[in-house]
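Residue numbers (UniProt numbering), protein chains in the order written: chain A, 1 to 431; chain B, 1 to 431; chain C, 1 to 431; chain D, 1 to 431.
It should be emphasised that the hints constitute simulated quantities derived from the structure, not laboratory data.
Here the structure is a predicted model, which is why all the values come from computation and not from measurement.
The hints are all genuine.
A pair counts as met if it fits within one copy or between any two copies, since identical chains are not told apart.
The calculated BS3-like cross-link candidates involving lysine-lysine, where the alpha carbons are at most 27 Å apart (straight line), are:
hint: 1; residue 1: Lys40; residue 2: Lys73
hint: 2; residue 1: Lys73; residue 2: Lys38
hint: 3; residue 1: Lys429; residue 2: Lys202
hint: 4; residue 1: Lys384; residue 2: Lys346
hint: 5; residue 1: Lys38; residue 2: Lys414
hint: 6; residue 1: Lys73; residue 2: Lys43
hint: 7; residue 1: Lys428; residue 2: Lys384
hint: 8; residue 1: Lys202; residue 2: Lys371
hint: 9; residue 1: Lys168; residue 2: Lys202
hint: 10; residue 1: Lys346; residue 2: Lys414
hint: 11; residue 1: Lys115; residue 2: Lys168
hint: 12; residue 1: Lys350; residue 2: Lys428
hint: 13; residue 1: Lys202; residue 2: Lys136
Below, each chain spelled out in residue letters.
Protein chains: 4
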Amino acid sequence: MIPTSETMDPEKTDMSVFEEVESEVRSYCRSFPTIFEKAKGYKLWDRQGREYIDFFAGAGTLNYGHNESGMQKRLIEYLTSDGIVHSLDMATSSKEEFLSRFQDVILKPRNLEYKVMFPGPTGTNAVESALKLARKVTGRQTVVSFTRGFHGMTLGSLAVTGNAFKRKGAGIPLTGAVSLPYDQYNENIDSLTLLERYLEDKGSGVDLPAAVILETVQGEGGINAASFEWLKQVEQICRRYDVLLIVDDIQAGCGRTGTFFSFEPAEIQPDIVCLSKSLSGYGVPFAVTLFRPDLDTWAPGEHNGTFRGHNLAFVAATEALRFWETDAFSREVQRKGDRVKAALQKIADKHPDLITQVRGRGLMLGMEFPKEGLADEVCSEAFKRGLIMETSGPNSEVVKLLPPLIIDDEGLDKGLGILEESIESAAKKIS
Amino acid sequence: MIPTSETMDPEKTDMSVFEEVESEVRSYCRSFPTIFEKAKGYKLWDRQGREYIDFFAGAGTLNYGHNESGMQKRLIEYLTSDGIVHSLDMATSSKEEFLSRFQDVILKPRNLEYKVMFPGPTGTNAVESALKLARKVTGRQTVVSFTRGFHGMTLGSLAVTGNAFKRKGAGIPLTGAVSLPYDQYNENIDSLTLLERYLEDKGSGVDLPAAVILETVQGEGGINAASFEWLKQVEQICRRYDVLLIVDDIQAGCGRTGTFFSFEPAEIQPDIVCLSKSLSGYGVPFAVTLFRPDLDTWAPGEHNGTFRGHNLAFVAATEALRFWETDAFSREVQRKGDRVKAALQKIADKHPDLITQVRGRGLMLGMEFPKEGLADEVCSEAFKRGLIMETSGPNSEVVKLLPPLIIDDEGLDKGLGILEESIESAAKKIS
Amino acid sequence: MIPTSETMDPEKTDMSVFEEVESEVRSYCRSFPTIFEKAKGYKLWDRQGREYIDFFAGAGTLNYGHNESGMQKRLIEYLTSDGIVHSLDMATSSKEEFLSRFQDVILKPRNLEYKVMFPGPTGTNAVESALKLARKVTGRQTVVSFTRGFHGMTLGSLAVTGNAFKRKGAGIPLTGAVSLPYDQYNENIDSLTLLERYLEDKGSGVDLPAAVILETVQGEGGINAASFEWLKQVEQICRRYDVLLIVDDIQAGCGRTGTFFSFEPAEIQPDIVCLSKSLSGYGVPFAVTLFRPDLDTWAPGEHNGTFRGHNLAFVAATEALRFWETDAFSREVQRKGDRVKAALQKIADKHPDLITQVRGRGLMLGMEFPKEGLADEVCSEAFKRGLIMETSGPNSEVVKLLPPLIIDDEGLDKGLGILEESIESAAKKIS
Amino acid sequence: MIPTSETMDPEKTDMSVFEEVESEVRSYCRSFPTIFEKAKGYKLWDRQGREYIDFFAGAGTLNYGHNESGMQKRLIEYLTSDGIVHSLDMATSSKEEFLSRFQDVILKPRNLEYKVMFPGPTGTNAVESALKLARKVTGRQTVVSFTRGFHGMTLGSLAVTGNAFKRKGAGIPLTGAVSLPYDQYNENIDSLTLLERYLEDKGSGVDLPAAVILETVQGEGGINAASFEWLKQVEQICRRYDVLLIVDDIQAGCGRTGTFFSFEPAEIQPDIVCLSKSLSGYGVPFAVTLFRPDLDTWAPGEHNGTFRGHNLAFVAATEALRFWETDAFSREVQRKGDRVKAALQKIADKHPDLITQVRGRGLMLGMEFPKEGLADEVCSEAFKRGLIMETSGPNSEVVKLLPPLIIDDEGLDKGLGILEESIESAAKKIS
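Full structure from sequences and hints, please.
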């Protein structure tokens, strides 16, 4: 969502410092025009003490909620004990623990053999390093991405991102990428056939790519969930042409769709996986790039960065892994996802004129409002009623639901109630 | 420094987790083959309890030392009180406080009028956003960078980075940049004349650039300090051709050279400034991009990112500003810088066959060892003696000194003593 | 077709000069291993006096046959009279006459209002200038091209060319182009829907293009003829999104498909048209770029070149226009085209196991032989029998028929007879 | 020179056809606003029968003058005998003869062992193929070019061209090239040191190039003649770093500077040489790319083009080689060059306020007029007096003299007389 001055409600709070000192590029503070102070679980409070239910979760960064008590305790202990905080890529105890636990709790039980790279603490660092590695290993340059994909704002990641507004921000042509239709992009286009033809046909004009990069559920692109069959086919096509498959699991991963990795139920094994957002569990910057051991052709220091050794993130991320020791958490997310999806479908059925589709997986859900501006208005109305939600899609046409995974049914029901009211109110305004 | 297996000493510590699970791209853990646990001020301790003096400071990220007590206290309080940790670019109290204090303590006293952008929490995010903005404002695409410059590992920043090894990692051609000689690059090349001729000559083959990007002291490039006169001339040439001047003050800023911004004594006013590394003060990821208000042509959300609202960084960074309320800290850094430089020069004078130059500004200093491998060996010997230092320069030919700015004279003297021993020992090995 | 040493028959003629002195890049001399000396109409003779029927016509450059007598006479007169031969883009009488006659004979009767640019004497010059102009006029950079398209070997044209082997020759990434499926590329892909979706969808990852470039019948790409309906739809989509339509009529134009411009029967009016090959009529280098007068935003000399004023080409091209004074020639080409197509279909019907399709328009026809190497073998057998033909398509899978348009029925029948024999003989060899 | 409407004199001749039908990109017809009809030797005549002395020679394409009788006779004979005119890259007798004679008359006597490639009939085809080959052979992408260099208008050649106006015409960023200072570009810049530092320094930000491309005398760039010593040093630097040396001898070659190849007196042996312009001798399109046999890694057809087999050019070019059977022609060119240079210097000495330098080699000479617009005015005055000359240099500040090499002393003296008058007349107008 790109909020404009019209979507703001500036009288509520004195936001003059932001208006005067911060760049015009600021965005969410325009949609949510208040000053936040505290947060716990699925709730936030602003300076005036107003309470908000969080259906946004830091764009998928707070899957375990705000200030999750276990991690909070560990962080405070670590800080208190003068644990080393910044270590570049030196070895530290907290990094060692994270690596061991991640191996034991996540990779091994899923039969995934991956090396772990710390590419810098943000999603776009993970994507840039994945693209570098794929190009290095294959000696090829092109990367296939998909319509509506979103992978980050630095130049390499932006080149594989679909959004025209973001792309234009580059100010120079974005190179090395080819955008192909995502699953269900259009009923008259068989996206798998097109992908395969482009790779196989020596006259296609598409150079054999180093890799295909995709999200299994596109978050920023409008909550588009690829079918498992499509994902499997893409993997097979990649194998056939010796093209690497990169799954950007930055938003859909870490349990958002119900499993730790979003691709698990599709039964695919990407060559490279990017994780960030909820990986630290506490909202502090953190990212990893995972890849098949035989792809680990990096020379020491070939990719580097100042904040690759953010030990507060190691500490919190290690603690967060306790959610994954059994499959209880995973099953709960799926249960809640089903519950919310059913509720959304019910709302949609009541408003077939407003809402064309409910979609998504797990607790990554969206409702499409084709009428221009309506989805934004819904979020604006929701905010007034104490619910934080954002839109996604190239025209901000989708209301996106990303509640913290730890939310209870009471919280969900309350949020869904507000959502329904907001839709009705927004529809009146926009009609 | 790119450590190789030869520079490691693997028997000391069990580093098997790192060797088995972490990518081959890991680097510093090979130069410093131990597992760190704690750190305070200018000291670190490893798992075996060995103490190390830190002349590295997280590559300039820990100017105020490890776990600085004031910030530590504030962070623990903030965490304990359930302060909001992750907020994207929503308004928060801690962000508001940072913006106000940064304005009051840093910008206003220096008569600098800049808008503040939070481009994501790492240096390369700041550089990428600076390049985007320069291209947007001017409608031009080329950016002039300098030999030996280092600006980051994502594709846009890498294009303005000089190091061939890092550049090659991109796997695709780096576009939109032209590399010109930095100050004192070669005595037969007048770098200012070349810059000006390239801009003025309609047949130069160099398209009129959007911006010139530079570090006033090149950290990774080998501690090359531009003269103030050169910086002034570059600024004037930029003004003459309506080209924006970007100072990447990520390593040299935040007091490293003795003033908050490294460019202050040169009496220039860049159009855009990138800060990161020591900006949070505590080693947690943080970065800002500063620019002249009239350049603030960003549309809301045109550049975004998940970790733009890292409130632990706001909290620590605000506290760190207390070092800048008077000029006492600045004077102390300069005093220590002079002291260390004199000591290094004395060492260099004793070893004219080994050391060709002592250079740098403030506490950002380097000694050049032209003999291949010698500078690496010096650092390796230093590590064995409990001193952490790294090399820089395209051939790792410069021993780089970046002690925390808060280090006391005792710490400096002890470190310098180890350095001198290490040089002697290394020289014997390498000769 | 990329001939290899296996397709040669080196004993026939002493070709040692070519083998020793000319680069390995030479190609057709390997398929047709003899030394040609004379040519007239649709026949060639080699040094040994062997006669060949020409079903190749210089890849569509000799639509009026070799050494057409009217042009021959004019050229000899012009040379004899010391007419100016080389004039850059100065005004000359022969250029004036060409411009006037082209206007009167070609443009006006077709209600086409185009400015004429002389971009250099080859097709790729015309394409490069068309791309430059489209980018200049629109201020956009991307150009949409199509699978199997062929537009030339210089870097700009190569970027819009589909053939992987040719593209790889560039040695650097080809930028500024997006390749989309041509008409009938695949039955599961609605190429018009995809084109439109890519332009309309702000999240498609395809930047709004400056232009769409296409051939109405793809010559090198395998004699793929777009339907008139498809061409009309492409034109309409271009209009809708304010994207320029460039028709590269270099091979299909100048009467090859039965009308002067190949796009006439589709009733479209491209914004820019590229002509070359048969434009001079005599096989001498010549090209023009035509465009809507309001697009003529060129500054004087913004595109230039040494051989823009090749007056022998002006003289011959002016004379060639006499073929277009009435529609008799056009009707004859269509009649012969129908005749040949019917004959080919008859052959194909006899060999359904070998030949999967007969396709093309006018005298630009092809037969597809899916079996690897078979089409090459057919041409090789034909050559031995005195018929010159080449293959096309990304895998050289199509036998391509481009006889001179002036060929008589006797010549056609003789050539078709040889073709049939050659197919039978080749099929035996390859099976 | 970029003529504008102000430099035209439109009343003289009815040029309405050109104004109405030809694109605004036309250029020389604005400087020389008349319609040419005939030409012989060093003279041209327009429609009104006015005679002009040619000091332009088709920008160096007519070294042997217009309609040279020997070639004229051969061309007429060839046409009359139905010699094959267009042959793609099939073998023909006329091509064989050219290859043999070129080998015997040009390459062998100079101890040059080169394979010959026919890359298409224009200079830019030769340059594009040279760049492709250099990139293929080395596997590198960057090419070093020089300030003020001119290599052609297609995208690959334009990337190594210095002129900002021409470069901007590309409409997309030009990639794969780095522009370095040419010899004597500026007295404070040692261009050889800079080139060497850029190649040797692993932190220079300039990727190790595939090749260096240069003209020994820059024609379009302002008649800048590199010293032999500089050329030798560039060659040695290239050898040292295994970088290929490409000499673009399109304008300076074919005898223009007094030897067949312009680089002969510098005693260098380029790895790749581009020839065009005067190569056919008669002003018809023709070009070759020459390279060391071991570089001939082309696959058949990897670079192609319709007009690679322009047999009229083979015929004329073969005949033109008779000028090179002895060194008499070469000596004459040098004698005339000295004569003209002395005369120009004398004129310059008379007008030290107008003319800052006389420069060039052989019959490729220039006079620099720093005053804006003066050089254009000189050419305009010369035209009125019956002398055809153009300007060069990025600001059209150099009057360029390129008389046909066959001109006699009478013609030279007459032209020089007009030039002197024109300078005086122009100086009055512009002052």
